[in-house]
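Chemist: So the chains spell out like this:
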Amino acid sequence: MDTRWIDPEVDGIFEGDPELTELAHRVRAARPEPVLDPRFQAVLRAQLMREAPAALGSPAAPARVPRPVHVRAERMRSDRWWRRPGRFAWAGAGLGVALAAAATVVTVSRPPLQDHQVTAMSPVAQLHAVSPDNVITVAFSQPMNQSAVVGGLHIRPATAVTTAWRGNDLLITPTHHLAGNTPYTVTIDRNAAQPVRGQPPTSDIHISFGTAPVPPSVPSVAQLSTQTLGPVSNNSQVLAGGDGTVIATSSTAPVSGPSPAPAGTPSPSVSPSPSSRPSGSPSASPSPTPSPSPSASSSPSASDSPQPSAGGKTLAFSANGNVIDLGPSASWAALSPNGLQLIAAVPSGSSTQIVLVPQHGSNRTMLTSLASSVVATGWLANDTAVVAETDRIISVDLLGHVRTLTTLPSGTRSVVFAPSGGYAFAGSTTQDGQLINLAGNDTRPLPGSRDSAAFSGDGAMVAWIDGTGSSARLVTTPVSRQAADSVPLNHPGDSITDLALDQNGTHVALVDHPQSGTPELQVVALPSGTVIAKGPPARELVFSPRGNRLLFVSGGQLQTAALPGTTWAPVNSLPDGAAGALQAFVDAQVSGDAKVLGALADPSVNAASATPHGLTRGYVVSNVANPDGTVGATARLIIDPSAAQPVASFVDETLTLSAGQGHGGGYLISALNVNPPHEEPVGPHVVSVSPSASAKKLVLRVVFDSDLREASVGGAISVTTAAGRTLPATTAYDANSRTATVTVDVNASTPVKVSVATSLVDVDGQAMASGFTVNAGG
Amino acid sequence: MTLPRAYEDQLIERAKRDADAFGELYDHYFGQIYRFVYSRMREQEAAEDVTSEVFLKALRAIGRYKPSGHPFSSWLYQISVNAIADHYRARRPTSNIDDAVAVADPQQPLDERVEQKVEAARVWAAIDSLPDQQRTAITLKLGEDLKLADIGVVMGKSEGAIKLLVHRGMIGLRTKLEITAAGREGR
Numbered sequence: 001m002d003t004r005w006i007d008p009e010v011d012g013i014f015e016g017d018p019e020l021t022e023l024a025h026r027v028r029a030a031r032p033e034p035v036l037d038p039r040f041q042a043v044l045r046a047q048l049m050r051e052a053p054a055a056l057g058s059p060a061a062p063a064r065v066p067r068p069v070h071v072r073a074e075r076m077r078s079d080r081w082w083r084r085p086g087r088f089a090w091a092g093a094g095l096g097v098a099l100a101a102a103a104t105v106v107t108v109s110r111p112p113l114q115d116h117q118v119t120a121m122s123p124v125a126q127l128h129a130v131s132p133d134n135v136i137t138v139a140f141s142q143p144m145n146q147s148a149v150v151g152g153l154h155i156r157p158a159t160a161v162t163t164a165w166r167g168n169d170l171l172i173t174p175t176h177h178l179a180g181n182t183p184y185t186v187t188i189d190r191n192a193a194q195p196v197r198g199q200p201p202t203s204d205i206h207i208s209f210g211t212a213p214v215p216p217s218v219p220s221v222a223q224l225s226t227q228t229l230g231p232v233s234n235n236s237q238v239l240a241g242g243d244g245t246v247i248a249t250s251s252t253a254p255v256s257g258p259s260p261a262p263a264g265t266p267s268p269s270v271s272p273s274p275s276s277r278p279s280g281s282p283s284a285s286p287s288p289t290p291s292p293s294p295s296a297s298s299s300p301s302a303s304d305s306p307q308p309s310a311g312g313k314t315l316a317f318s319a320n321g322n323v324i325d326l327g328p329s330a331s332w333a334a335l336s337p338n339g340l341q342l343i344a345a346v347p348s349g350s351s352t353q354i355v356l357v358p359q360h361g362s363n364r365t366m367l368t369s370l371a372s373s374v375v376a377t378g379w380l381a382n383d384t385a386v387v388a389e390t391d392r393i394i395s396v397d398l399l400g401h402v403r404t405l406t407t408l409p410s411g412t413r414s415v416v417f418a419p420s421g422g423y424a425f426a427g428s429t430t431q432d433g434q435l436i437n438l439a440g441n442d443t444r445p446l447p448g449s450r451d452s453a454a455f456s457g458d459g460a461m462v463a464w465i466d467g468t469g470s471s472a473r474l475v476t477t478p479v480s481r482q483a484a485d486s487v488p489l490n491h492p493g494d495s496i497t498d499l500a501l502d503q504n505g506t507h508v509a510l511v512d513h514p515q516s517g518t519p520e521l522q523v524v525a526l527p528s529g530t531v532i533a534k535g536p537p538a539r540e541l542v543f544s545p546r547g548n549r550l551l552f553v554s555g556g557q558l559q560t561a562a563l564p565g566t567t568w569a570p571v572n573s574l575p576d577g578a579a580g581a582l583q584a585f586v587d588a589q590v591s592g593d594a595k596v597l598g599a600l601a602d603p604s605v606n607a608a609s610a611t612p613h614g615l616t617r618g619y620v621v622s623n624v625a626n627p628d629g630t631v632g633a634t635a636r637l638i639i640d641p642s643a644a645q646p647v648a649s650f651v652d653e654t655l656t657l658s659a660g661q662g663h664g665g666g667y668l669i670s671a672l673n674v675n676p677p678h679e680e681p682v683g684p685h686v687v688s689v690s691p692s693a694s695a696k697k698l699v700l701r702v703v704f705d706s707d708l709r710e711a712s713v714g715g716a717i718s719v720t721t722a723a724g725r726t727l728p729a730t731t732a733y734d735a736n737s738r739t740a741t742v743t744v745d746v747n748a749s750t751p752v753k754v755s756v757a758t759s760l761v762d763v764d765g766q767a768m769a770s771g772f773t774v775n776a777g778g
Numbered sequence: 001m002t003l004p005r006a007y008e009d010q011l012i013e014r015a016k017r018d019a020d021a022f023g024e025l026y027d028h029y030f031g032q033i034y035r036f037v038y039s040r041m042r043e044q045e046a047a048e049d050v051t052s053e054v055f056l057k058a059l060r061a062i063g064r065y066k067p068s069g070h071p072f073s074s075w076l077y078q079i080s081v082n083a084i085a086d087h088y089r090a091r092r093p094t095s096n097i098d099d100a101v102a103v104a105d106p107q108q109p110l111d112e113r114v115e116q117k118v119e120a121a122r123v124w125a126a127i128d129s130l131p132d133q134q135r136t137a138i139t140l141k142l143g144e145d146l147k148l149a150d151i152g153v154v155m156g157k158s159e160g161a162i163k164l165l166v167h168r169g170m171i172g173l174r175t176k177l178e179i180t181a182a183g184r185e186g187r
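Chains as they are written, first to last, in the UniProt record's numbering: chain A, 1 to 778; chain B, 1 to 187.
With the rest of the complex left out, here is chain A:
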């Protein structure tokens, strides 16, 4: 029985009949391995692409087919559109199109597949978000000469692996897990793919896939290592921004940035931000239970929503250590989807002011004043905030226009808004909480929920604790439909509070209150329910948008902790807002979101037309603050390999960001130079160069995509001054994270150039194709 497979739905179907549950496990474990001609996928794709202009009605499509021929072509397609090899050939899917142009039958032939010719397939082939923890399986159609196959195995980028066989399946296990956000190609040389009997394939076997931009998991429970950011008041809420900024709505930490001007009246100059949400957007909404009490039903009632402490302020703790004053303490606040502005509810006597606060704190704008107290704030889109009062949810646009969206169910004590807008949770202590679709104004109960729930950062999933049974259980469901999954928590008798989901709903953080003993912060992987990390008693749990950090309040202090298995490379000493704008721009390039590109770039930069199509991933390689106040950066955009093109294509670009041009004085891309796409050269590549935080000496982390020969690393990396003088540096290489840590004997703020020479060699003995130099530090 496969004990790793958990499907609560299956358990539910066969409840009371463990024999059927076990049979279900047997069935699942015995899923047939499909036999696949490795050429089939590519050839079918090509046929579909030929058919597409006619089928999609593209203006660029060739002239329509004359009727008689078209009818004939249709008949052929419906009879046998796909022709088997070995018979003769198959009629192209583009018949309809091709016939119009050539007036002749076009066939595409391929050599017949010989009897017993070996074929191979892999479940990861052509996927773009494979877990970095994955074992790569290559399933052959017949028994193979195993040592020959392993001898002809190559992985790009170079990856140290161990191999094993299970029947005809080759299992490839990376020694240091796969790198995240990276395109991979596994190749088995044609001559090495020798079956025991039968014939080798006619060409090399290529399996292409890409990994998800998530860190690999760790097998054991880790203790969270925390870092304190500053003191916060009891009722402070915590928010996480995409550029590493953390916001506390009530803190007494000393301010190191400029103080804001008082909030003015609605500003006519405020213009809506782009409506699409870059991936560097805020994380899951914080828990709606600001009370430090461990009780699961400790959420504040609508009438006793948190009041900020008299001495506190809303403060932003930027990634480079600045503490910025965002104005008076707020009872509730939420970051806009693009992370550039905050909507805050600031109590003022018996009323509540709804204030728009740019991320850097200046030019605050009071949008409206409400006569009642506020239960929660959020955003529908970048230009429309939402505010929950005791009995209704209203929208407030950036000009201060107020509209009632829906009334709240009676007995509502708490409200949580989904970060991406569209949904809200209305909690109650006496009945099931309700999930409200703000667009359709329809509601549905979340069974077993009461007054708390959490949304994933992408807004697609909602989670809650069902404490109505004898043992609390975590339940998750997509917001768009009722498909609840119950996640085993194995905490009989415990009470659970303070729930948070990460960006994609793959991890949950919660506080476990045992019947006796000290409460414990836990990070749990979904859907397995495995605890991967533990920490001190805490509240106000929030994942960073990138999923690599957890933020929380513990012991009256705002704390942050890197999640196990992640490498937290905080952005360097860039000015506040620059890193977020940079990351959002690169994300928008990958998603092809022209509106966001336009909003984040100077009008003179035609970002959308300069960005290539078909990108599958991208990342910032380096960034540096220039003395003139601009920010320079390099980024790499990638088109993953495919069956037709088994090598990834890279696009390298340089960017300049300038201050004061964006909305509210933020950063915009003021120059963009996109190089032509090129095929990924063999050998290792630099993925990122970033300074380490809080180091007196300059410490640079250089991350590679390939497993490296350690002996080649130290000599290949050098650091010079801007004038070219070599600086003394020591280099340590961590094979597990493929990272070289370079410590340079100069002040951390010294601008330098980092170079990686072609003497750097990967584990396959391949040298770096060309030298790499980038500005860093400063």
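In case anyone wonders, no lab produced these hints; they're calculated from the structure.
We treat Cβ as the ideally placed atom computed from N, Cα and C, and that holds for glycine.
You may find that some hints are simply not true.
A few chain B positions that, by computed beta-carbon distances, are all more than 10 angstroms from chain A [what the hints assert, rightly or not]:
#1 Arg-17
#2 Gln-78
#3 Ile-79
#4 Ser-129
#5 Pro-131
#6 Ala-161
Derived lysine-lysine pairs resembling BS3-like cross-links, with alpha carbons at most 27 angstroms apart [claimed, not checked]:
#7 Lys-66(B) <-> Lys-157(B)
#8 Lys-57(B) <-> Lys-16(B)
#9 Lys-157(B) <-> Lys-57(B)
#10 Lys-16(B) <-> Lys-66(B)
#11 Lys-16(B) <-> Lys-595(A)
#12 Lys-66(B) <-> Lys-595(A)
Computed spacing ranges between beta-carbons, pair by pair [said to hold, decoys possible]:
#13 Pro-8(A) <-> Ser-68(B): 17 to 25 angstroms
#14 Gly-12(A) <-> Gln-133(B): 16 to 24 angstroms
#15 Val-135(A) <-> Ile-171(B): 28 to 36 angstroms
#16 Asp-17(A) <-> Lys-16(B): 40 to 48 angstroms
#17 Ala-671(A) <-> Gly-63(B): 35 to 43 angstroms
#18 Ser-68(B) <-> Ala-757(A): 42 to 50 angstroms
#19 Gly-63(B) <-> Pro-254(A): 53 to 61 angstroms
#20 Gln-199(A) <-> Leu-164(B): 42 to 50 angstroms
#21 Glu-43(B) <-> Asp-169(A): 15 to 23 angstroms
#22 Gly-69(B) <-> Thr-758(A): 48 to 56 angstroms
#23 His-678(A) <-> Glu-43(B): 40 to 48 angstroms
#24 Asn-437(A) <-> Lys-16(B): 19 to 27 angstroms
Dock chain B against the given chain A, drawing on the hints supplied.
Modeler: Just chain B now, with coordinates in the frame of chain A:
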């Protein structure tokens, strides 16, 4: 493995007029659909034919696709289920689908000499002998890990009906496997 919802929604919209976007959807879902089709057909040539029909139909119909709140893959599975039925209707107009696949002999797996593969062949041959709808529901649930609600969309039934199909199918499967095991022991 699913695409981020927002990204997939954008991709689908683009695919209505952009071949490259459709190609990206194809790249993402090909393996999933081929695996499902193969698990129902159990024959490479037929699986290729049906898979090609599925994607051709998807290409022609994507302009009319409207998000329903269910995954895009549900739509592709729905096309697949219909294409499989069409295939059997066209190829074996006078015979029953169940008869057509029940002839598989679980005692004679092709190249499987490893115990696991014999077990796999035995289990899935028994599944092949179940009524068509039970077989489809079990294949989608246990072979493809779909949610019951999504299987309901694929098969045009309620979630409760799917539960019933899976439950009854598994009871039937248990009986068939017990009979097979008893038959082996009796030889």
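Chemist: Now look at each hint and say whether the structure bears it out.
Modeler: So, going through the hints one by one against the coordinates:
Residue-level check failed: Arg-17(B) sits 6 angstroms from the nearest beta carbon of chain A, not beyond 10 angstroms. With a least CB separation of 16 angstroms from chain A, Gln-78(B) remains clear of the 10 angstroms interface cut-off, as annotated. Against chain A, the non-interface label of Ile-79(B) holds: every CB pair exceeds 10 angstroms, the least being about 14 angstroms. The beta carbon of Ser-129(B) is kept farther than 10 angstroms from every beta carbon of chain A, the shortest such distance being approximately 14 angstroms.
With a closest Cβ-Cβ approach of about 16 angstroms to chain A, Pro-131(B) is found to remain outside the 10 angstroms limit, as its non-interface label requires. Its beta-carbon lying about 12 angstroms from the closest one in chain A, Ala-161(B) satisfies the requirement of being farther than 10 angstroms from that chain. Restraint check: the Cα-Cα separation between Lys-66(B) and Lys-157(B) comes to about 19 angstroms, which is no more than 27 angstroms; the hinted pair holds. Of the supplied pair hints, the one linking Lys-57(B) and Lys-16(B) holds, its CA atoms being roughly 13 angstroms apart against a limit of 27 angstroms.
Distance check on the hinted pair: Lys-157(B) and Lys-57(B) sit about 22 angstroms apart at the alpha-carbon level, within 27 angstroms; holds. Distance hint between Lys-16(B) and Lys-66(B) is fulfilled; the C-alpha atoms sit about 11 angstroms from each other, no more than 27 angstroms. At roughly 20 angstroms between alpha-carbon atoms, Lys-16(B) and Lys-595(A) fall within 27 angstroms of each other, so this suggested pair holds. Restraint check: the Cα-Cα separation between Lys-66(B) and Lys-595(A) comes to about 23 angstroms, which is no more than 27 angstroms; the hinted pair holds.
Evaluation of the 17 to 25 angstroms hint for Pro-8(A) and Ser-68(B) yields a pass: the beta carbon distance comes to about 23 angstroms. The supplied range of 16 to 24 angstroms is met by Gly-12(A) and Gln-133(B), whose beta-carbon atoms lie about 20 angstroms from each other. In this structure, Val-135(A) and Ile-171(B) meet the distance hint of 28 to 36 angstroms, their C-beta atoms being roughly 34 angstroms apart. For Asp-17(A) paired with Lys-16(B), a C-beta distance near 46 angstroms keeps the hint of 40 to 48 angstroms intact.
Roughly 39 angstroms separates the CB atoms of Ala-671(A) and Gly-63(B), a value that falls within the hinted 35 to 43 angstroms. Under the hint 42 to 50 angstroms, the C-beta atoms of Ser-68(B) and Ala-757(A), about 55 angstroms apart, miss the expected range. Roughly 60 angstroms separates the CB atoms of Gly-63(B) and Pro-254(A), a value that falls within the hinted 53 to 61 angstroms. Between Gln-199(A) and Leu-164(B) the CB atoms are about 48 angstroms apart, so this pair conforms to the stated range of 42 to 50 angstroms.
Our hint of 15 to 23 angstroms for Glu-43(B) and Asp-169(A) holds, since their Cβ atoms are close to 21 angstroms apart. Range check, Gly-69(B) to Thr-758(A): about 53 angstroms between beta-carbon atoms, so the 48 to 56 angstroms window is met. Checking the proposed 40 to 48 angstroms range against His-678(A) and Glu-43(B) shows it holds: the Cβ atoms sit about 43 angstroms from each other. Checked against the hint of 19 to 27 angstroms, the C-beta distance between Asn-437(A) and Lys-16(B) comes to roughly 25 angstroms, which is consistent with it.
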